[in-house]
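Asks: Listed below are the residues making up each chain.
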Amino acid sequence: MRTALIPVFTALSLATNYAMIDIPNVKLMDAFVFIGAFLFGLEVGVGTAISIWAVYGFINPYGQDDLALLLFLMTGECLYAIAGALLSRTSVARDLIAKQLQTMSIYKQPIGFGVGSDTRILLQIKTRVRNLVNNARPYGRMSLLFGLIGFQATFAYDVLTNFGSWVFKTSSLYQALIIGVITGVPFAILHEASNLVFFATVVPPAIAAAKRVGLHFQQRIT
Amino acid sequence: MRTNSQRVFYLILGITALTIASAQVGAYYYLEKSNNGTVSNSSVLCNYLTNRPTGASMISASVLVSYGNGTMQWYNETAVPSSWNAYALTMYLTKCNVQARFYGPPLNEHFVTGINGVANQGSLSWSIWLFCQNTNAWAYSQVGIDLISLANGQTLAWVYGASSSRSNPQPPLPNARTVSSCS
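If you're matching them up, the sequences are chains A and B in order. Position one of the first sequence corresponds to residue 1 (my numbering), numbered consecutively onward. Position one of the second sequence corresponds to residue 1001 (my numbering), numbered consecutively onward.
Among the hints, erroneous ones may be present.
[Said to hold, decoys possible] Simulated restraints, written as ranges between beta carbons of each label pair:
1. B/Gly1070 <-> A/Leu190: 41 to 47 Å
2. B/Ser1005 <-> A/Ala209: 25 to 31 Å
3. A/Val8 <-> B/Gly1014: 16 to 22 Å
4. A/Ala19 <-> B/Thr1071: 50 to 56 Å
5. A/Thr16 <-> B/Gly1153: 45 to 51 Å
6. B/Thr1019 <-> A/Arg120: 49 to 55 Å
No wet-lab data here; the hints were simulated from the structure. As the structure is a computational prediction, the values presented were derived from the model and not from experiment. Even glycine gets a Cβ: it sits at the ideal position worked out from N, Cα and C.
Work the whole structure out from these sequences, hints included.
Replies: Here it is, written out as C-alpha cells:
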C-alpha cells in the first residue's frame, strides 16, 4: 500500500514540474515530497524524491544532469522528506493538527435547534463566521510552522546542490561551497521565496484535508 | 511547560529563518555589487577560482590568445591543477581579466564576452579552439568552456574574430588545418 503511494506522489510532482517548466526554480514537487513524508513516513518521501529526479533529471528540456549532480539533487530532495518525517513526530505539529481537526468537528455541529427560522438563520450565520475565524487561527500557525520549515529545508537543498554543481570544477571543497552559494544566490532566493509561499499555503490545507478524510499517520497505512 | 517549549521551538525556527534570509540577501547584494552579472578581476570569486591548492595533482596546459589584429599571446606550459576546466585556466592566465555571463542551474555555464579588455562587439566575438594532437589540427569547441576538462599537455586557443551562426569562426593561426572534432 505504502509503495503504491510513491508513484502517485511522483506523478503529481512530475506533472506540476513540467507544467511549470517555464518558471525556473518554482516547483510544487518539494511540497509534495514533504507532504508524502509527513503523512506516510520517510520511506514514501525518500522514494518519491529519488523517483522524481530519476525521471526529471534525464527528461528535462533544459538538458540532462550529469550523474554526480543528479546524486546531489536526489540527496537534496530527500531533505524535504527528512524534514516532513521529523516534523510529523514533533508535539508542535501534532497539537496543531489536532486543534485543526477539533475546530472542523465543531464547525460540522448542527446549529440553532429549537428557535424560530429567522433567528436560526441569523444564529447560523454568526456561528459560521465565528467558526471561520476560529478555523483560520490554527491554519495561521500551521502556515507559519510549515512555511518556516519549508524555507529552511529549501536553503539546505540549495546549499547542497549549488555546492554539488561546483565541486568537480574547483580545486577545493571550500571553494566549491563559497562559489556555489554566491553564484547560485539569485536562483536560491527565488526557490526559497516560492517554497516559503507553497509550504505556508498548500501544505497545511493538504495535510488537514488528508487527516480529515482518514489518511492518518503512517501507522494507519499497512 | 509544553507551551513554553513550543514557543522556544518557534523562536529558534524564526531566528534561523531570519539569519538565512539575511545571509542570502547579503550574498545577493555582494554578487550584484561586485560583479554586476559578470565576473571581473575585482571579484573575490576570482581569487577563489585561481588560488591553486597545495598538494593537488598538476598538469601543464598551453593557451594561445589571438586578438584578431595579428597580436597573439602565448601562455606556454602553465602548471595548473588537473581538476580545473578551461574557464578556471583562462581566469588564472588572464589574472581574471575576463568578462563572462554566468548562466546558473541547470546550465551552470559561462559565456565569455571579453578577454584582457577586448570585448565582443557586433559580429566580433571570442571563440575557443582545441588543438588535436592526434590529427595535428585545430577543432572548434562544440561544448561550453566549463565543460572542457584539461589534460596534460593540452593546447587551447582563444580567437577574437567575426563569426556567424552558419559557419565556424576563423582558426587560431592563418591557414591552420582544422577538423570538426578531435576524436
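Asks: Against each hint, give a clear statement of whether it holds in the structure.
Replies: Hint check results:
1. B/Gly1070 <-> A/Leu190: 41 to 47 Å: With Cβ atoms ~46 Å apart, the hint holds.
2. B/Ser1005 <-> A/Ala209: 25 to 31 Å: Check passed, 28 Å falls within 25 to 31 Å.
3. A/Val8 <-> B/Gly1014: 16 to 22 Å: Violated: the Cβ-Cβ distance is about 34 Å, outside 16 to 22 Å.
4. A/Ala19 <-> B/Thr1071: 50 to 56 Å: Holds - the Cβ-Cβ distance for A/Ala19 and B/Thr1071, about 52 Å, lies within 50 to 56 Å.
5. A/Thr16 <-> B/Gly1153: 45 to 51 Å: Holds - the Cβ-Cβ distance for A/Thr16 and B/Gly1153, about 49 Å, lies within 45 to 51 Å.
6. B/Thr1019 <-> A/Arg120: 49 to 55 Å: Given range 49 to 55 Å: holds, Cβ gap about 53 Å.
The structure fails hint 3 only (numbered hints given earlier).
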